[in-house]
Amino acid sequence: MAEYKTPTSEPEFHANFAQIKPRMNNTEALFESSRCLFCFDAPCIKACPSGIDIPQFIRQINTGNTTGAARTIYEANYFGNACGKVCPTEVLCEGACVYNLQDVKPIEIGRLQSFATREAIEHNKALFGPGAPNGRKVAIIGAGPAGISAACELRSLGYEVDVFEAKSQPSGLTVYGVAPYKITNEEVLAEMTYLENQFGFRVQYNQPIASRRELEALEESYDAIFLGIGLGATNPLLLPGEERHNCVGAVEFIEQLRMRHHQTAVGRKVIVLGGGNTAMDAASESARMGAEDVILAYRRGKEEMGAYEFEYDLAKGVGVKGLFNVAPVEIVGNGKVEGVKFIRTATLHGQVQVVPGSEFVEPCDMVIKATGQAKQTQLLSLIPGLEVDNRGRIVADARTGQTTNPKYFTSGDARNGGAEVVNAAAEAKATARGIHKFLAGKY
Amino acid sequence: MPDLSINFAGIKSPNPFWLASAPPTNSGYQVMKAFDAGWGGAVWKTLGVPVVNVSSRYGGVNYRDKRLVGFNNIELISDRPLSDNLREIEEVKKRFPNHAVIASLMVQSRQEWHDIVRDVQNAGSDGIELNFGCPHGMCERGMGSAVGQEPEVLQTIVEWVMEVAKIPVIVKLTPNISDITEPAMAARRGGADAISLINTIQSIVGVDLDLFAPYPIVDGKGSNGGYCGPAVKPIALNMVKNCAQHPKVQLPISGIGGIENWRDAVEHILLGASSVQVCTAAMHFGFGIIREMTSGLEQYMSEKGFHTIYDMVGKALPNVKHWEDLNLKYKVTAQINEDKCIGCQLCYTACEDGAHQAIRLQEGTRVPEIIQENCVGCNLCSLVCPVEQCITMERRDDGTEHLTWKERTEAGTIPTEFNDERAGGRHHWVPEPAAALDKEKHKTLPGKARQYAQTAAATATATVTSSSG
Ligand SMILES: Cc1cc2nc3c(=O)[nH]c(=O)nc-3n(C[C@H](O)[C@H](O)[C@H](O)COP(=O)(O)OP(=O)(O)OC[C@H]3O[C@@H](n4cnc5c(N)ncnc54)[C@H](O)[C@@H]3O)c2cc1C
Ligand SMILES: Cc1cc2nc3c(=O)[nH]c(=O)nc-3n(C[C@H](O)[C@H](O)[C@H](O)COP(=O)(O)O)c2cc1C
Ligand code: SF4
Ligand code: SF4
Ligand code: SF4
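Protein chains in written order, with my numbering: chain A, 1 to 443; chain B, 444 to 912.
If you're looking for bench data, these hints aren't it; they were derived computationally from the structure.
C-beta atoms are modelled at their ideal positions from N, C-alpha and C, and glycine is treated no differently.
Hints should not be assumed to be uniformly reliable.
[As the list claims (entries may be wrong)] Non-contacting residues of chain A with respect to chain B, defined by C-beta distances greater than 10 angstroms in every case (computed):
id : residue
1  : 3
2  : 5
3  : 34
4  : 41
5  : 42
6  : 43
7  : 91
8  : 98
9  : 196
10 : 210
11 : 292
12 : 300
13 : 334
[Claimed, not checked] Which residues of chain B face chain A? A few of them, derived with a C-beta cut under 7 angstroms, are:
id : residue
14 : 507
15 : 508
16 : 829
17 : 886
18 : 887
[Claimed, not checked] Simulated pairs of lysine-lysine, BS3-like, Cα-Cα distance not exceeding 25 angstroms:
id : chain 1 : residue 1 : chain 2 : residue 2
19 : B       : 455       : A       : 437
20 : A       : 5         : A       : 302
21 : B       : 609       : B       : 691
22 : B       : 882       : A       : 46
23 : A       : 182       : A       : 336
24 : B       : 676       : B       : 691
25 : A       : 137       : A       : 167
26 : B       : 609       : B       : 455
27 : A       : 302       : A       : 316
28 : A       : 105       : B       : 509
29 : A       : 336       : A       : 269
30 : B       : 849       : B       : 886
31 : B       : 537       : A       : 46
32 : A       : 316       : A       : 182
33 : B       : 849       : B       : 691
34 : B       : 772       : B       : 884
35 : B       : 783       : A       : 46
36 : B       : 758       : B       : 783
37 : A       : 5         : A       : 21
38 : B       : 783       : A       : 105
39 : A       : 46        : B       : 509
So here's chain A without its partners, still in its complex pose (with noise of 0.2 angstroms):
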């Protein structure tokens, strides 16, 4: 294997995380959008959870009007620029689009939807403002895709708005969390900044809400109180061995690559534990990073993996290989990880079974879990009448995203358990007019 070196600068790195959905240059973007039917009651808006007015948008892109197309896009999905990198575009807009009935490549939705709002963010294009104030005030814990959204559609309806993010940067996951290869850290916070602009929403950065002081303080001060806290650290697998050195979890694995690129330590030989999309984008990262070896350990079979194909094609494409049907029971090693102990797993009606007596070792220097991250139990658990369910989401009311604690109100994967960034986004637009209808119920 080893397909990359390990990088060891800055521009090795970003050769090594070449966006695997660049940017379009303006003849691409005219032949692309002139391909566009322009559906009616086209079925790539109906696959799209924002509801982007994309044959309108693609439109505007090939008359020429590309801030008008980033006016579109925005007007649905405040997170456009990103999701048209990030999002799962294969099984959602152009996995929609009829091009694929035809065997024809279905538009690059996703591209052409960077393309436009990006043309917005460089050029600071003034598409919105805030809304004439209305004296209210609301408080958001979390600047991620559901915080951000919410602040901006709050903003726009005349709402004050404070952010209170625990961590240094705006956009959550999808600068901690998102593959870099799909997209930069740079374009992401650029997007944050143009938002910021465009509404003059407050963010206090490094500023954590943990205590119910906290939240007490938060409740007397504001109107309403916006969750988009999302999820927390990556579950325990509860295995011996686990606490050995250079076990560890996904999230905190890739957030560090986010943040540090190069001066990430990883591993010769990797063992990634999971079949979902963290499994496959830890997998395809070790692999970028230069990593010799890198096995994707599933404990059913190929086909049941819950990632994407076209994920876990993109992980094969850089050389991961797929070890299926085992079950870990062990972490071993002298202190640090020197492998993980294996055994066969069989399905059987649905279940997983272990073969018995099939156990083996599989030599490695690094195991990254990719087994699901926990909910903020704790957090929640301050907030009073605040239910949740028995898979820890938070229970919410389907068209306003009001809890049950009347002044709180969630999106995102705190409340949907964990789905995608275009999720959170759309979520937060509706959940923000939906802390309007209540406030307005009660001027």
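Got chain A; can you put chain B with the ligands on it based on the hints?
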């Protein structure tokens, strides 16, 4: 192997493809290069009086990602000295004795015409083309289309030319006229050997949205130019057909206008042209396109069993009728091939908004359904459908009846008032006007609106109306 050579009104050429009088034939260098590449003939860039050209000179019409589907120019005739051109014509003819070199001419007085005709004959030209078409610049000086639009004047000038011409004379017609056969007949009366058409159509190809000036822009200003390129082919074909069908024209026709490949050329030929001329395509893609044109033509002729060009000239003319001679009893309606349909629903909106509301959307599938009773067989849906052979027009009459408007007129059975039982519109289904309101509420509302739209069903009903009892 089919024989591509032609003898056009006495001008011999190894194939029917000529370069039209235009920038590609501005010099001996270009014409030699073109002949070397395989062109059969060239009509030299028009020679005449001293002129001065402007810059810029060309404007383009781009459609979506396609460049130059239409093209225009505000260029004048050759701005090179006549003597240089004559010397080069001589040189080309020496190297290519079997290729057609036709001198295009445009001057004013009888004497000037006599002089220049003699000059180009002496230089060895195989023929002469009279430029009565230029729609800008020259017409203000009483030449070009100013002549082409006055059949009497045109005829007189042709007569002047014929007084001295010893080689075939072609008259090139302007399309900037309501009936192209008028100047064509005048050319014949004047004694011309052939006609060529069309010259460019007076046009403005676009306006600069920032400078508020038409293209092409000369120091912030512009002028109407002459339109050509693929976009003008339909106009050219119709004019070629009009001249070819007219009993008082009866002259060989050189077809010009929008010819870019062998198919375009064959269309001109099937409607009566026996040589074809190309300008824009050669300017756009260079002389190399001739290889595709000749090979395509050869292949077509072999497949159809045509041995010479003359086997196919005018082959489509018998099928071009007057409207009144078309069969009113022939009936087709649209048919959707469900397996091919990709569900874009373009046919639905086209018929709904642009035709006769004869397509409905169906629950549970994106394949629309034709409402046969409402379909008038207009063809629109099949034209907008992006999938080949997905919507076809199927014959619904039994083929036994044949009745034309002319026959009805003669039989005295044409309707004379709208509520006549025999009038067309009376049996057409149209929905109630009010059914249009809220009709498309079921459409996925984009963006902001989507999440808050009430899902109120707004399937308005339509009823059959009849204009009287
Ligand atoms: C590894 C990985 C890869 C992914 N790749 C993609 C992808 O390619 N495409 C895609 O569309 N989606 C992807 N996702 C999913 C996507 O990132 C999330 O669905 C989306 O970011 C959810 O947005 P959110 O605002 O709900 O939560 P988050 O993005 O998690 O944002 C929550 C924010 O709240 C802050 N916060 C949390 N608690 C507190 C607190 N108590 N006080 C203050 N601040 C707090 C956090 O610091 C964070 O900034 C990926 C996720 C992961 C984990
Ligand atoms: C099918 C069809 C029928 C038309 N019928 C009429 C008509 O009855 N009366 C009229 O003045 N123009 C008629 N027109 C011409 C249009 O009004 C318009 O002038 C022409 O199509 C050019 O505009 P466009 O190319 O932008 O569509 C018709 C055009 C089409 C395509
Ligand atoms: S489905 Fe494809 S072709 Fe149709 S409107 Fe959407 S992008 Fe355009
Ligand atoms: S236009 Fe053609 S492909 Fe599109 S919905 Fe209609 S029949 Fe189907
Ligand atoms: S042929 Fe014309 S009337 Fe019939 S379905 Fe198609 S568009 Fe409608």
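Going through the hints against the structure:
1. Remark: the non-interface label on residue 3 of chain A is consistent with the geometry, its nearest Cβ contact in chain B lying 36 angstroms away (cut-off 10 angstroms).
2. Separation of residue 5 of chain A from chain B is adequate, the least Cβ-Cβ distance of about 39 angstroms exceeding the 10 angstroms criterion.
3. Distance to chain B contradicts residue 34 of chain A as a non-interface residue, since its nearest Cβ pair spans about 4 angstroms, not more than 10 angstroms.
4. With a cut of 10 angstroms on Cβ distances, residue 41 of chain A falls inside the contact zone with chain B, its closest approach being about 5 angstroms.
5. With a cut of 10 angstroms on Cβ distances, residue 42 of chain A falls inside the contact zone with chain B, its closest approach being about 7 angstroms.
6. A beta-carbon of chain B is positioned within 10 angstroms of the beta-carbon of residue 43 of chain A; the least distance is around 7 angstroms.
7. With 10 angstroms as the threshold on Cβ separation, the claim that residue 91 of chain A sits away from chain B holds: the shortest Cβ distance comes to roughly 18 angstroms.
8. Residue-level check failed: residue 98 of chain A sits 4 angstroms from the nearest beta carbon of chain B, not beyond 10 angstroms.
9. Residue placement check: residue 196 of chain A keeps its beta carbon more than 10 angstroms from all beta carbons of chain B (closest about 21 angstroms).
10. Separation of residue 210 of chain A from chain B is adequate, the least Cβ-Cβ distance of about 32 angstroms exceeding the 10 angstroms criterion.
11. For residue 292 of chain A, the non-interface assignment is confirmed: its Cβ lies about 45 angstroms from the closest Cβ of chain B, beyond the 10 angstroms cut-off.
12. Every CB of chain B is more than 10 angstroms from the CB of residue 300 of chain A (nearest about 33 angstroms), matching its label as outside the interface.
13. Look at residue 334 of chain A: its CB is around 56 angstroms from the nearest CB on chain B, clear of 10 angstroms, so calling it non-interface holds up.
14. Contact between residue 507 of chain B and chain A, as hinted, is supported at the beta carbon level, the nearest pair being about 4 angstroms apart and thus within 7 angstroms.
15. Given the 7 angstroms rule on beta carbons, the hint for residue 508 of chain B holds: about 4 angstroms separates it from the nearest Cβ of chain A.
16. The restraint placing residue 829 of chain B at the interface with chain A holds, with a minimum CB-CB distance near 6 angstroms, inside the 7 angstroms limit.
17. With a least beta-carbon distance of about 5 angstroms to chain A, the hint placing residue 886 of chain B at the interface is held under the 7 angstroms criterion.
18. About 5 angstroms separates the beta-carbon of residue 887 of chain B from the nearest beta-carbon of chain A, less than 7 angstroms, and the hint is met.
19. Restraint check: the Cα-Cα separation between residue 455 of chain B and residue 437 of chain A comes to about 84 angstroms, which exceeds 25 angstroms; the hinted pair is violated.
20. The suggested pairing of residue 5 of chain A with residue 302 of chain A is violated, with an alpha-carbon distance near 28 angstroms, which exceeds 25 angstroms.
21. About 24 angstroms separates the Cα atoms of residue 609 of chain B and residue 691 of chain B, which keeps this hinted pair within 25 angstroms; it holds.
22. Restraint check: the Cα-Cα separation between residue 882 of chain B and residue 46 of chain A comes to about 19 angstroms, which is no more than 25 angstroms; the hinted pair holds.
23. With a C-alpha separation of about 32 angstroms, the suggested pair residue 182 of chain A and residue 336 of chain A falls outside the 25 angstroms cut-off, and the hint is violated.
24. Distance restraint check for residue 676 of chain B and residue 691 of chain B: the Cα-Cα separation of roughly 24 angstroms lies within the 25 angstroms cut-off, and the hinted pair is therefore satisfied.
25. At most 25 angstroms may separate the alpha-carbon atoms for a hinted pair to count; residue 137 of chain A and residue 167 of chain A meet this at roughly 22 angstroms.
26. With a C-alpha separation of about 15 angstroms, the suggested pairing of residue 609 of chain B with residue 455 of chain B holds against the 25 angstroms cut-off.
27. For the suggested pair residue 302 of chain A and residue 316 of chain A, the alpha carbons sit about 12 angstroms apart, so the restraint of at most 25 angstroms is met.
28. At roughly 19 angstroms between alpha-carbon atoms, residue 105 of chain A and residue 509 of chain B fall within 25 angstroms of each other, so this suggested pair holds.
29. Of the pairs offered as hints, the one joining residue 336 of chain A and residue 269 of chain A holds, with about 13 angstroms between alpha carbons and a cut-off of 25 angstroms not exceeded.
30. With a CA separation close to 46 angstroms, the supplied pair residue 849 of chain B and residue 886 of chain B exceeds the 25 angstroms bound.
31. Straight-line distance between C-alpha atoms of residue 537 of chain B and residue 46 of chain A comes to about 69 angstroms, which puts the hinted pair past the 25 angstroms bound.
32. Proposed proximity of residue 316 of chain A and residue 182 of chain A is supported: the alpha carbons are some 16 angstroms apart, at most 25 angstroms.
33. A hinted pair counts as satisfied when its Cα atoms are at most 25 angstroms apart, and residue 849 of chain B with residue 691 of chain B qualifies at roughly 24 angstroms.
34. Among the hinted pairs, residue 772 of chain B with residue 884 of chain B is inconsistent with the structure: their alpha-carbon atoms are about 39 angstroms apart, more than 25 angstroms.
35. Simply put, residue 783 of chain B and residue 46 of chain A have alpha-carbon atoms about 22 angstroms apart, close enough for the 25 angstroms limit, and the pair holds.
36. For the hint linking residue 758 of chain B to residue 783 of chain B, the alpha-carbon distance of about 34 angstroms lies beyond 25 angstroms, and the restraint is violated.
37. As the CA atoms of residue 5 of chain A and residue 21 of chain A are separated by approximately 22 angstroms, the hinted pair is consistent with the 25 angstroms bound.
38. Taking the CA atoms of residue 783 of chain B and residue 105 of chain A, the gap is near 16 angstroms; set against the 25 angstroms cutoff, the hint holds.
39. Proximity of residue 46 of chain A to residue 509 of chain B is assessed by CA-CA distance (about 30 angstroms); at most 25 angstroms being required, the pair is judged violated.
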